[in-house]
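Those sequence lines, one after another, are chains A and B. Our numbering puts the first sequence at residues 1 to 253. Our numbering puts the second sequence at residues 1001 to 1190.
Since the hints were derived computationally from the structure, they do not count as laboratory data. Here the structure is a predicted model, which is why all the values come from computation and not from measurement. Ideal Cβ positions, reconstructed from N, Cα and C, are used throughout, including at glycine. A hint or two may mislead.
As the list claims (entries may be wrong) - Label pairs and their calculated CB-CB ranges:
1) B/1132 x A/65: 21 to 29 Å
2) B/1041 x A/140: 49 to 57 Å
3) B/1156 x A/24: 36 to 44 Å
4) B/1067 x A/143: 45 to 53 Å
5) A/139 x B/1087: 19 to 27 Å
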Amino acid sequence: MNEQLVETLSAIVDGQADDLEVRRLLKALDNASDEEAQLILAQWERFQTIGSTMRGEQANFTASAGFAAAVSAAIDAEPPIASTDSHSGMDLNIDSQSNPAANSAASSSIDSAAVAQASGGETTHSNSQPFWRQFAVAATVAFAVIIGVQEYGSFSGAADSGVSAIASVEDNQAPAQAASVQATNSSGQLLLAAADAKPAISQDAVLSEADRLEAAAAQQRLNEYILQHTSHAAQQSGQGIIPFARLANFEEE
Amino acid sequence: MSDADAQLVARVQQGDKKAFDLLVLKYQHKIHSLISRYVRDHAEVQDVAQEAFIKAYRAINNFRSESAFYTWMYRIAINTAKNHLVSRSRRPPSTDIDVGESDEYSGFNVLQDIDTPENILHGNEVAEIVKQALDGLPEDLRTAVTLREFDGLSYEDIADVMSCPVGTVRSRIFRAREAIDKLVRPTLNQ
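Looking at chain B on its own, in the form it has when it is part of the complex:
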C-alpha cells in the first residue's frame, strides 16, 4: 500500500472521517469506471459506487493493510456491483476484471455507456493541458515531478538522482504541481 493511503486509512481507523473524504476523492473515478463495467446505467453506477464507499467505510477496521487499499476497495466495489445486479434479477458476468486491468478498461480503448463523448473529450483536453504544462516547466521542476509521477521514485531517491536535499525535492514537486494546476484548473472546474 502506498504510504499516503496507509496514513489516511490509519487516520480513518482512528475515527477521522475527513481522511476518508480524501480517499473517496482519490479513487472515485477509478471506482466509477470499474463499476461501469458491470452496471451500465449512469445513475445506477453512482448509487453502487456510493454504496461501495459506504461499505468500505463501515468495514475499514477489518482492513489489515496487508494489501493495497485500492485492491481492497476494488473487491468491495465489484462485489457490490454484482450484488446490485443480483438484486435486480440480472446475471452478473462470470469473469472478473483483474485489479491490474481495471485501469486499462477505464482508459481510452473501451467505449462504455458511461464514457459519453463529452467525458472523453474532457479527459483528452485535460491530458493535453497537463502535457503542455509539463513541457513548459523549468527543467528542475519537470525532472522532479516526472521522476515522482512516471517513475514512482521516493523523495529520497529523487534527491539522490538530482543531488539535492530532500526538502528541495519536495518543494520542486510542489511547485511543479502548482504550476500545472494553475493551467488545468479552469478546465477541471468546468
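Isolated chain A, as found in the complex:
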C-alpha cells in the first residue's frame, strides 16, 4: 500500500479529503486484490480505533474480527442501490420477500426507521406485481377510447354530413366498439385498435343518395337559421360587423 493512499485514508478519517480523493480511494479498493483490499480496510479500521481510543470513546472491541467482512458479503449479495431519486424515499430495488426480518419489524410497529424503509420497499415492489391492476388500467383506457370514438364519430358525422348522417355513423359504431373492447385483451395494442377504428367509421359511413339530399337540405336550413340569428345579433348587441365575421368563419369551416 503506497504512502499517498494511506495519507488519503488519514484525511478521509478526518473528513478533510475532497470528493475526488474519496472516489480515488474507493476505486483503489475496487481494483485491489482481496489481500490489498484487506490491508486498506485494516488500516482504515486501525486509524478509527486510534482516534476513538485517543478520545476515550472506545475501551472494548465488541465486534468480532470477521464481522465487517460478513456484513460486506451480505451487502454484496444485495441488489445495487437506486441512486437516481434520493427524494423518493424508497429503495427501488428492495425485495421485501428476501427480508423477513424487516417484515416482522413492520408488524410490531417498533422499528420505525427501518420499518419506514421496509414498507417503502413493499409499496414499490407491489407496483410491478398484480395482474388485476394492469387489467383495470387497460379496461379504463379501453373505456376512454370507446367514449372518445363515440364523441369523434358524433362530431365528424354532424360536420360532414348533416343531422341525418349522425344516425348512420352511430349505426357503424358497433364494429368500432367491438374492435376497442377486443383490444382490451392486449393493452399494448389499444392505441393501434383505436387508430384502426377511426378510418373504419368514416369509410363505413356511406350514405344513400336520398340521405345526401336530405342532409343538404338540412344544412341549407341550418345556414339560413344562423344567418338570421347573426343579423339579429348584429342589430341587438351593438357589436357591429363582428357577428358576421364569426359567421364567415363558420362557413369556412
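Please build the complex by placing chain B on the supplied structure of chain A, with the hints as guidance.
Chain B only, in chain A's frame:
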C-alpha cells in the same frame, strides 16, 4: 454529520458498496456496544448488529443527511434490537439509552456480558499503547494530532494555530497516526 460520513454516505447512495464497508468498520464496535445493552447473548448481538447494518444499507436512500449518520444508525440499531426481543417474546426495556450516553455505557464503567475480561484487558492495553505512542511523538506531530482528535479542529484551524500550511497539517497528522499505528498494530492484530 462529519464530512467524512457525509462523503461516504453520498458514495453509498451513488451505489458504491465499498463506502458502506468503511462505515461498518468505523461504527461496528459502537453499534455492538449499543445493542449489547438490549441483547445479552454475544452471538445474538452479532446477528442483530449485522441485521441493523443491512437494514441501514437498504434504507440508505431514505437518509437525508439532516442528522448525523451515527444518530440515524443508532436509531436503526436500537429498533432492530427491540424488535429482536419482541420476536423472542422478551420485553424490551421501557427507556432508551440516549445517543449521547451510548458511548459512556460502552466504556469502562459498566460491566456487560459482552465485556469479557479479555475484551476489557485488550481495550486497556490498546489505550495504554496509544498513550505511550502519543507521548513519544515529536512535538509538532503530537500537537497536530491532539488538536485534531481531542479538540476536533479542522485542518484549516490547526494550520492557523500552528502557523503552517494546511498541507503540512495533513502530513503531520498522517505521520502521527502512522507512528501510533506502528506501535499499536501488533496488539490490534492479535
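Right, here's what the structure says about each hint:
no.: 1; hint: B/1132 x A/65: 21 to 29 Å; result: 24 Å, holds
no.: 2; hint: B/1041 x A/140: 49 to 57 Å; result: 55 Å, holds
no.: 3; hint: B/1156 x A/24: 36 to 44 Å; result: 22 Å, violated
no.: 4; hint: B/1067 x A/143: 45 to 53 Å; result: 48 Å, holds
no.: 5; hint: A/139 x B/1087: 19 to 27 Å; result: 42 Å, violated
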